[in-house]
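K.L.:
We have chain D already, so just place chain L on it with the hints.
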Amino acid sequence: MQYIDRLQVRKRINFRLRLNSILKYVFLGATLSGLVVLAILLIRTVSQGFAWIDWNFITGHLSMDPEKAGIMGAILGTFWLMLVVVFFTLFLGMGAAIYLELYAKKGRIHSLIQTNIANLAGVPSIVYGILGLTVFVRLMDFGSTVLAGGLTLSLLVLPIVIVSSQEALRAVPQTLGEASYGLGASKWQTIKSIILPTALPSILTGSILALSRAIGETAPLVVLGIPALLIPFPGGFMDRFTALPMQIYYWTLDAALVEEYANLAAASIIILLLMLFILNSIAIYIRNKFQHRF
Amino acid sequence: MTTKNVSVNTANLSTKQLMNEKKSAASIKNVFEKMVPAVLFLFAAVSVLTTIAILYTLITEAIHFFQRVSFTEFFTSTNLKPLSQNPSFGLLPLLSGTLLSTIIAMVVAGPIGLMAAIYLSEYASDRVRKLLKPMLELLAGIPTIVYGFFAFTFVTPLLRSIWPEIELTNILSPGLVMGIMIIPMVASLSEDAMNSVPNTMREGAYGLGATKLETAIKVVIPAAISGIVASFVLAISRAIGETMIVTIASGSTKNFSFDVTESMQTMTAYIVEVSSGDAAAGTTVYYSIYAVALTLFTMTFLMNLLAKKIARRFREEY
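For the record, the sequence lines run as chains D and L. Going by the working numbering, the first residue of the first sequence is number 584, and it counts up by one from there. Going by the working numbering, the first residue of the second sequence is number -13, and it counts up by one from there.
The shape of chain D in the complex, shown without the other chains (with noise of 0.2 Å):
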């Protein structure tokens, strides 16, 4: 009497093989799907704005002929933004960092900045375009200008910077800041002139990150009340002004009036993203060629 069929076993055996094998290329499949996804993204917009960027596009001023228009003024825009928004993440968030990683004692309250800090970097992002509206804007009556805008996209990446820094500062080995004090550092030295210069390629690189997330936000700036069509460049931080992915938004929601603005969206597009590209180069560089290895 046979307690095993063999044959049973052996098709059973290679069904499961089989099926193992099947899915995981299905698996690698859906990996990659999102890949295409972005690939047909790219070649898309390149393919449909790329013939139109040329020596005026980039240069000129805003107009509502097509033919004509320039996005100098959205690019001045993004870049007075970007000031405002390192000059306000980079100090608030390695100050803060700092604090919490270096000087805070755990206890309620450090708990309670750190659980808040998580919380804040989970708040759409269109939330703290309202909080801009009603405390920058109105309250405070800066207008819809770049300190306006600035301040509202600090706030919204100042958790992200927070939150690299202090990984960059737990990951400077305790036993440099320990030599140092055994020299006889007070403590701010120590923090000064070794723990700070160690961590900061990965700081720099975190801060960049964020920047470059903060330069694609658009749903605050739309709160903001920022206008679609402005024909001066700004100039100050207490300038009205308009942003690339603002032009993109406008340009986009106008494209059923007049196609060519669709054109014209896709090619803010590829500048947009150019600039994403370079600010990523540079955070790449700056971790590959100073960051120290412990």
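If you're looking for bench data, these hints aren't it; they were derived computationally from the structure. C-beta atoms are modelled at their ideal positions from N, C-alpha and C, and glycine is treated no differently. Careful, some of the hints might be misleading.
[What the hints assert, rightly or not] Which bits of chain L does chain D cover? Going by a derived footprint, with three or more residues having C-beta under 8 Å, they are:
(1) 14 to 22
(2) 62 to 68
(3) 137 to 150
(4) 279 to 288
[What the hints assert, rightly or not] The calculated BS3-like cross-link candidates involving lysine-lysine, where the alpha carbons are at most 27 Å apart (straight line), are:
(5) L:Lys20 to D:Lys775
(6) L:Lys15 to L:Lys2
(7) L:Lys20 to L:Lys8
(8) D:Lys689 to L:Lys294
P.N.:
Frame of chain D, contents of chain L only:
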């Protein structure tokens, strides 16, 4: 150095005097040392202030709204006509839009993200994973406005050529594109969870003759389920708060409906429409965005809290 010189030159100086001298020189440094943490604490407090400011503005302005529109009307009415002669402010049309776009996004991002996580953590070699993971995360780095443009000018026309009943602005296309956008979030967080399952558990399963697939589905996923569910909840929260894709591609029709071919407005898109449409401060329409934003904030906050709870409560310790 200086103290030593002083003590040599003035031999008859008392020890007491010397100690006092040293103290006063150090006290300036001491004050500075004590000031630094105080200043840095203020920097850290900015984040707490931000939360307080968000809550304060949303709640105080929403109170103005609820003084004019009743709670029950806002949360149960299916009519949203903010600008008509006889305005009505029901949240349900916006909720249905938000719910529908989120469901569509999760139908895309959930399975694809999970499958990608399984591939990256169980099948891919280290080299392939190091190549694919950053590439997948590129998807999360593309600004949402670009996805909005893509949904409106590419996905919608494509869908319309297959399914002609779809309107020019509809909720299906932004939902799908939003799903693509949050794939890396699900994949990355789920993969982290699956990676932290100890290898001994996999080896146990292999030793019993399980295939990779059986190991992944019957051993690794159950062990990592808390992290996987948490990643789904976070992705849902992200989809609820997403603004630009739906604003551009889904139009502004305020219907309470569940028809994916129709134009529909989400909570986020409503805030954009009203705030960019010069609603004068002080009008009910103006205050309504605060009520909607407060609802949105509460929903995403609860979701994020839930994700953290799940990740903590059901985590198995190895």
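K.L.:
Now tell me if each hint is right for this structure.
P.N.:
Here is how each hint holds up against the structure:
{"no.": "1", "hint": "14 to 22", "in the structure": "holds (count 4)"}
{"no.": "2", "hint": "62 to 68", "in the structure": "violated (count 0)"}
{"no.": "3", "hint": "137 to 150", "in the structure": "holds (count 3)"}
{"no.": "4", "hint": "279 to 288", "in the structure": "holds (count 5)"}
{"no.": "5", "hint": "L:Lys20 to D:Lys775", "in the structure": "15 Å, holds"}
{"no.": "6", "hint": "L:Lys15 to L:Lys2", "in the structure": "21 Å, holds"}
{"no.": "7", "hint": "L:Lys20 to L:Lys8", "in the structure": "18 Å, holds"}
{"no.": "8", "hint": "D:Lys689 to L:Lys294", "in the structure": "20 Å, holds"}
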